[in-house]
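This is what each chain is made of:
Number of protein chains: 2
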Amino acid sequence: MLTLSPEEKSIAAAIKQLKDEAGSHSPSLSTLSSKLPDLNIKVDACFLSNPYATDLFLKYLENDLIKGNRLRNVLEFYPSQNRMIAEKLSETLNVSSKRIFVGNGATEIIQAVIHNFTKSTLLINLPTFSSYYEFAKSDIKIVYNKLNKCDGFQLDIEQFVSFVKEKRPDTVVLINPNNPTGVYVRAEEIKFLLEELCDVENLIIDESFIHFSFEDDTFDFKSAAELVESCDNLIVIKSMSKDFGIAGIRIGYALMDENKVNHLLKHGYLWNISGMAEYFLGLYTKEAFYKEYDGVRRQYLKVAQDFFKELSIIEQVKVYPSSANFTLVELIDGSDCDIFCSKLLIKHGVYTRTCKDKVGLEGEFVRISARNSEENAVTINSIKDIFS
Amino acid sequence: MLTLSPEEKSIAAAIKQLKDEAGSHSPSLSTLSSKLPDLNIKVDACFLSNPYATDLFLKYLENDLIKGNRLRNVLEFYPSQNRMIAEKLSETLNVSSKRIFVGNGATEIIQAVIHNFTKSTLLINLPTFSSYYEFAKSDIKIVYNKLNKCDGFQLDIEQFVSFVKEKRPDTVVLINPNNPTGVYVRAEEIKFLLEELCDVENLIIDESFIHFSFEDDTFDFKSAAELVESCDNLIVIKSMSKDFGIAGIRIGYALMDENKVNHLLKHGYLWNISGMAEYFLGLYTKEAFYKEYDGVRRQYLKVAQDFFKELSIIEQVKVYPSSANFTLVELIDGSDCDIFCSKLLIKHGVYTRTCKDKVGLEGEFVRISARNSEENAVTINSIKDIFS
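Just so you know, the protein sequences line up as chains L and G, in that order.
Here the first sequence is numbered in this note's numbering, starting from 1 and rising by one per residue.
Here the second sequence is numbered in this note's numbering, starting from 1 and rising by one per residue.
The calculated PhoX-like cross-link candidates involving lysine-lysine, where the alpha carbons are at most 20 Å apart (straight line), are:
1. L:K347 to L:K384
2. G:K16 to G:K35
3. L:K35 to G:K88
4. G:K119 to L:K119
5. L:K119 to G:K266
The hints are simulated quantities; they were obtained by calculation from the structure and are not laboratory data.
Work the whole structure out from these sequences, hints included.
Here is the structure:
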């Protein structure tokens, strides 16, 4: 069972304070580094992002904007308006531009959707990403569908549908794959859900991690995106931070009924994405870029799954199967998850996500994300070391 | 009186269509260039931005991020949360961090403030920046205080105060200096306004152009920012796009009562500015950068005022005195303002803002912004040419 030395305890207390200040999220690497400069952080395994995709984006940016002397354009001038960008995305997403809403990161979209369309009751699984229920204003009732540890936090789709029908919420949220569990709901189950819940006003499927999911060893992924053309109540929300490794530029999109897009754009969201985000979306629609991206996506998936396998061998932990780029790890040797994360960070500079504060996740859980192979090896060795 | 050739007429029609698609704003340079590639745009005098400040920002960015190899950090990782950034700005703004709300451009802030705090009636001058009344939802009553051409669109502060007291709105908006008139309300009049209107719930002063204003030939500017510490109803909104020449990175801030900031942050605005915007704010708080910035601000002011003087000599136009980086120009030879702008763009690649669609501005008006000296000379010569 892990313990901290007196010196480690005082650093752990400072880390805890930064965590508390960050609310239900984690302090960023830059916050940690600036407030606790003595921490020598080597691996940010708290951060959910494909580093190979960042490499790829930087390669294009270097060539197009820096060597191509176009960086100034991206920084100086106003970006295009929302509808203009939606038009450019339409072909790539294979969805009518009228159903596309572009956002300053998925968080802006979540806020926009919950504030504008949720009128009475929001139903969501627990544990899950907290912003959906935290952004709901105080007059909105939140109903939780508790996922169970004994089922490995799997979603029983028939139970879920019955529960929704019983509770009659106007908004249902499903994050697929789920965060922090990494549990994936298969495409055929999503179709069943859509058929059964066609009278729920807002059926939100958050696919921010969908590029890391797969149904077989081809590593293809199956998005619900195109289903918005036939399901008026479906809202697909998609962060592009994680899969494309570009959280700093703030970009995401949502697909939804045309009337909902019109409602949002009527009174706002005028120039809500940056020139850099618009440049990225331009790349995203280019076949050559996407092909290379799909290569690094598959590469990362393989690296991530190998990493999870290696992690699962460590005897003090139980690793839950994941279809995302992180895995939920339970400490089964009696160690406290805050102590585990602090020790790993202080002794080895490996930053992982304690789930102590994660609502609906009782027990000693840590979320650990996959980085590149070298960093993953550091993470594995560091965990082995602190348990040794 | 200006006329168009048949060929020019067909291009003008295409320009008009793009303008209509952009709503009450203007199509961006990139939209114009991509949709009408035959236009060879040389000067964007529609765009309200200090090009010398862009040069300065790029110089720092080149050194810090590109040569310093830190660009990846800005693009890959999540930015800090709103309150964290507010803390960093507090000293520079000389306002408590609890009163600072950081936004993804002023447009996000305008939307946030109007949607969250305006409950019944919004009172605003006309003509002015349209987003304030366009963002108001349909149940909000808008009351306009019409500014008069015969007074040079000056605000009569005593009349304005009486009008507000008569109409009893919960929200008053004053853009200072005003857009598109460039008319400035002096600091002592702002103080009078605040004293007289202390029972208006939301007194919004938009200072997006304040860095271009001055009360005497020292070219110092006087912001109402620090008054938020004593006036709970005051909301100062500040775009940083224009003065710092960085519209593409989307950054602005607002100063307001602590309870209002808490209200906004309780249910949203989690990671609403980009890594690049956070990098810029870091620069903004550095004395060395600000000192250099203040130099290029003064340089640009001088260039702008000289430009307006030169413009005013052209006999077919009347130039309204401006304390901003643009000037309102009235065509007094009977020419149509749409034709003026189209002709200038088609024949000389100089892009100016027709005010044909500007609500509350009847007549043939064009808004022309100052760029650098060389570009301003092109603008002047081009205008002279089309009138010759």
